[in-house]
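Chains as they are written, first to last, in our numbering: chain D, 655 to 909; chain Z, 285 to 530.
In short, the hints are calculated from the structure, not lab data.
Check the hints yourself; a few may be wrong.
Unchecked claim - Cut-off 30 Å, straight-line C-alpha distance, at most; resulting in silico cross-link-like pairs (BS3-like, lysine-lysine):
1) Z:K304 to D:K811
2) Z:K325 to D:K758
3) D:K786 to Z:K325
4) Z:K307 to D:K732
5) Z:K299 to D:K787
6) D:K680 to D:K881
7) Z:K293 to D:K732
8) Z:K293 to D:K762
9) D:K762 to Z:K383
10) D:K725 to Z:K293
11) D:K786 to Z:K307
12) D:K861 to D:K732
13) D:K718 to Z:K293
14) D:K777 to Z:K307
15) D:K758 to Z:K304
16) D:K682 to D:K725
17) Z:K307 to D:K787
18) Z:K307 to D:K725
19) D:K718 to Z:K299
20) D:K672 to Z:K293
21) D:K709 to Z:K299
22) D:K732 to Z:K299
23) D:K762 to Z:K304
24) Z:K293 to D:K787
25) Z:K304 to D:K725
26) Z:K496 to D:K866
27) Z:K299 to D:K758
28) D:K787 to Z:K383
To be verified - Anything over 10 Å on all C-beta distances counts as not near chain D; from chain Z, calculated:
29) K289
30) K293
31) V310
32) M327
33) I329
34) I421
35) P428
36) Q462
37) P467
38) W512
This structure is a prediction, so every number in the text was calculated from the model and none was measured.
For each residue, glycine too, the CB sits at the ideal point set by N, CA and C.
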Amino acid sequence: MIEVTDLYKEFNGVPVLKGISTTFEKGKINMIIGQSGSGKTVFLKCLLGLFVPEKGVICFDGRKHTELSIKQQRQLRKEIGMVFQGGALYDSLTVEENIMFPLKMFTKNQPSEMLDRVNAVLKRVNLENVNKKFPAELSGGMQKRVAIARAIVMNPKYLFCDEPNSGLDPITATVIDNLIQEITKEYQMITIINSHDMNSVMEIGEKIVFLKNGVKAWEGTNKDIFKTENEVVVDFVYSSNLFKKVKEAYLNETK
Amino acid sequence: MNYLKHIGKYFIMLKQVFRKPQKWSVFREVLFREIEDLGLKSMGIIMFISFFVGGVVAIQTAMNIESPFIPKYLIGFAAKRSMILEFAPTFMSIILAGKVGSYIASSIGTMRVTEQIDALEVMGINSLNYLILPKIIAALFFYPLLILLAMFLGILGGYYAGILTDLFYSEDYIYGIQLDFDPYYIKYALTKTVVFAFVIATIPAYHGYYVKGGSLEVGRASTQAVVWTSIVIILLNYFLTQMILG
Ligand SMILES: Nc1ncnc2c1ncn2[C@@H]1O[C@H](COP(=O)(O)OP(=O)(O)OP(=O)(O)O)[C@@H](O)[C@H]1O
Ligand SMILES: [Mg+2]
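Sequences and hints are given; from them, build the entire structure.
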């Protein structure tokens, strides 16, 4: 379990996260939702240790980030797979080298074993025959999939995805969502996804945390979303007319 | 004040850079790639420029010696001295600062703004060590060779300039370049080169690594990197010259 207590982060005196507390459980898809600029990426980067929060405690299965030495921190990071908002694939390396990179760096495996592992994760994300391609030669959806493959190649305990399906068409977005869901269940990881896509939230979100202006405005399950009267959630969700109609249909159905 | 902050940050960066590589086999692989990117790929331009600069130096010297009492072999002598002492180590380092410096700053800067550096850190990799140490080693190892080559080609350029322009005899030139051969000057030049190589690898890396924003800022950082690398080279050149030869 990841426990976050009273997380506070500012940049040059401007607070971005203003005391956020929540927990994330194993084998579940946790989603952080909020408008652009609400602090989702900053929140994830605090969990990753890329930003040091001014206040608050982050606890990974009993390990408090404040009490870890640099070495222990590096160890913890090896247990985290991260899919960045833009993919963050290494431009100068091929797909195969990108995914193999953590293996080369941290294992003593033989090249053939590493290649088998790379091919296994590539197959897992439904990509084949792209081993020798460079990231720039792939479509956005393919890059996202390679990023997911790279994130899971070391069998992480924690999987963080920063807007994994932004900029993708609805079909590809659904494919990516389902992929993350399957992987989470299969490997029983703690998965946290940043998103502002209500579609993903309703499809795969099991625990939802709403951020607004750096404050946790609401949390609950995707089923609770239609029931809640919370203004922030209502504003966000029904900013899309489609969802108003979906809600009406949903309420009619359950009558 | 701001400058002091940058200088401090630069040295703190270096402390992280000079760590033991996390995996030697990976380090070696990256090192060879850097030798190619920073060294071999600059060989052409350095050879081209040094050859012609040598030619021009010889021609200029020849045209400025009017008095019949000054022996013609001084042309070869002057060309050799100026190539070895300044043109090869300093002038070529400035060229490298432009070519290699902008490459280093923009490639590391792009990695920063596209979160590739974050991705390295998240994997538990010391990104400063991984990205910059191989560049430093590659430059320290390769640039002295490159500068030796530049000295040789510059002197050769002077020789051919004589043949093509008939301003001086090749025999005089060859006599001049052999005159008063002092290996100490070559050592001096190579010492400077090693220092400049370090500057060329690290200052642009600093500018790239700490860039914030997007591609516009990466472009700006790359320009800044070239400017500062050149300034530092010129200043260090002055102090080193005073220290070593003075
Ligand atoms: N490195 C930084 N330095 C200063 N301010 C920052 C930095 N990173 C983020 N911010 C600020 O923090 C706020 C939250 O940004 P963040 O990237 O977390 O938003 P987000 O919720 O991920 O938005 P999006 O959906 O557009 O990705 C923004 O106002 C941003 O300007
Ligand atoms: Mg974001």
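Against the structure, the hints come out as follows:
Restraint check: the Cα-Cα separation between K304 (chain Z) and K811 (chain D) comes to about 28 Å, which is no more than 30 Å; the hinted pair holds. For the hint linking K325 (chain Z) to K758 (chain D), the alpha-carbon distance of about 27 Å falls within 30 Å, and the restraint holds. For the suggested pair K786 (chain D) and K325 (chain Z), the alpha carbons sit about 24 Å apart, so the restraint of at most 30 Å is met. Restraint check: the Cα-Cα separation between K307 (chain Z) and K732 (chain D) comes to about 15 Å, which is no more than 30 Å; the hinted pair holds.
Between K299 (chain Z) and K787 (chain D) the CA atoms are separated by roughly 36 Å; this puts the pair beyond 30 Å, and the hint is violated. In summary, the hint linking K680 (chain D) to K881 (chain D) is supported, as the alpha carbons are separated by about 25 Å, within the 30 Å threshold. Straight-line distance between C-alpha atoms of K293 (chain Z) and K732 (chain D) comes to about 27 Å, which keeps the hinted pair within the 30 Å bound. A hinted pair counts as satisfied when its Cα atoms are at most 30 Å apart, and K293 (chain Z) with K762 (chain D) does not qualify at roughly 35 Å.
A C-alpha spacing of about 38 Å is found between K762 (chain D) and K383 (chain Z), which places the hinted pair above 30 Å, so the restraint is violated. Pair hint K725 (chain D) plus K293 (chain Z) holds up; C-alpha atoms about 22 Å apart against a cutoff of 30 Å. Among the hinted pairs, K786 (chain D) with K307 (chain Z) is consistent with the structure: their alpha-carbon atoms are about 23 Å apart, no more than 30 Å. A C-alpha spacing of about 25 Å is found between K861 (chain D) and K732 (chain D), which places the hinted pair at or below 30 Å, so the restraint holds.
Taken as a hint, the K718 (chain D) and K293 (chain Z) pair is honoured in the structure, with Cα atoms around 28 Å apart against an allowance of 30 Å. Our distance criterion of 30 Å between C-alpha atoms is met by K777 (chain D) and K307 (chain Z), whose separation comes to about 28 Å. Taking the CA atoms of K758 (chain D) and K304 (chain Z), the gap is near 16 Å; set against the 30 Å cutoff, the hint holds. With a CA separation close to 28 Å, the supplied pair K682 (chain D) and K725 (chain D) stays within the 30 Å bound.
Of the pairs offered as hints, the one joining K307 (chain Z) and K787 (chain D) holds, with about 25 Å between alpha carbons and a cut-off of 30 Å not exceeded. Distance restraint check for K307 (chain Z) and K725 (chain D): the Cα-Cα separation of roughly 15 Å lies within the 30 Å cut-off, and the hinted pair is therefore satisfied. At roughly 27 Å between alpha-carbon atoms, K718 (chain D) and K299 (chain Z) fall within 30 Å of each other, so this suggested pair holds. Among the hinted pairs, K672 (chain D) with K293 (chain Z) is consistent with the structure: their alpha-carbon atoms are about 29 Å apart, no more than 30 Å.
Between K709 (chain D) and K299 (chain Z) the CA atoms are separated by roughly 27 Å; this keeps the pair inside 30 Å, and the hint holds. Proposed proximity of K732 (chain D) and K299 (chain Z) is supported: the alpha carbons are some 23 Å apart, at most 30 Å. Distance hint between K762 (chain D) and K304 (chain Z) is fulfilled; the C-alpha atoms sit about 18 Å from each other, no more than 30 Å. Distance hint between K293 (chain Z) and K787 (chain D) is unfulfilled; the C-alpha atoms sit about 37 Å from each other, more than 30 Å.
As the CA atoms of K304 (chain Z) and K725 (chain D) are separated by approximately 14 Å, the hinted pair is consistent with the 30 Å bound. About 25 Å separates the Cα atoms of K496 (chain Z) and K866 (chain D), which keeps this hinted pair within 30 Å; it holds. This hinted pair checks out: K299 (chain Z) and K758 (chain D) have alpha carbons roughly 25 Å apart, not beyond 30 Å. Simply put, K787 (chain D) and K383 (chain Z) have alpha-carbon atoms about 28 Å apart, close enough for the 30 Å limit, and the pair holds.
Remark: the non-interface label on K289 (chain Z) is consistent with the geometry, its nearest Cβ contact in chain D lying 15 Å away (cut-off 10 Å). For K293 (chain Z), the shortest C-beta to C-beta distance to chain D comes to about 16 Å, beyond the 10 Å cut-off, and the non-interface label holds. Separation of V310 (chain Z) from chain D is inadequate, the least Cβ-Cβ distance of about 6 Å not exceeding the 10 Å criterion. Annotated as non-interface, M327 (chain Z) keeps its C-beta farther than 10 Å from every C-beta of chain D; the closest such distance is 21 Å.
The Cβ of I329 (chain Z) lies farther than 10 Å from every Cβ of chain D, with a closest approach of about 22 Å, so its non-interface assignment holds. Distance check for I421 (chain Z) against chain D: the nearest CB is about 18 Å away, which clears 10 Å, and the non-interface claim stands. Remark: the non-interface label on P428 (chain Z) is consistent with the geometry, its nearest Cβ contact in chain D lying 26 Å away (cut-off 10 Å). Even its closest Cβ contact with chain D, about 47 Å, leaves Q462 (chain Z) beyond 10 Å, as expected for a residue assigned away from the interface.
At roughly 40 Å, the least C-beta separation between P467 (chain Z) and chain D is larger than 10 Å, which holds for a residue marked as non-interface. The Cβ of W512 (chain Z) sits about 24 Å from the closest Cβ of chain D, beyond the 10 Å cut-off, so the non-interface label holds.
Comparing the model with each earlier hint shows violations of hints 5, 8, 9, 24 and 31; every other hint is respected.
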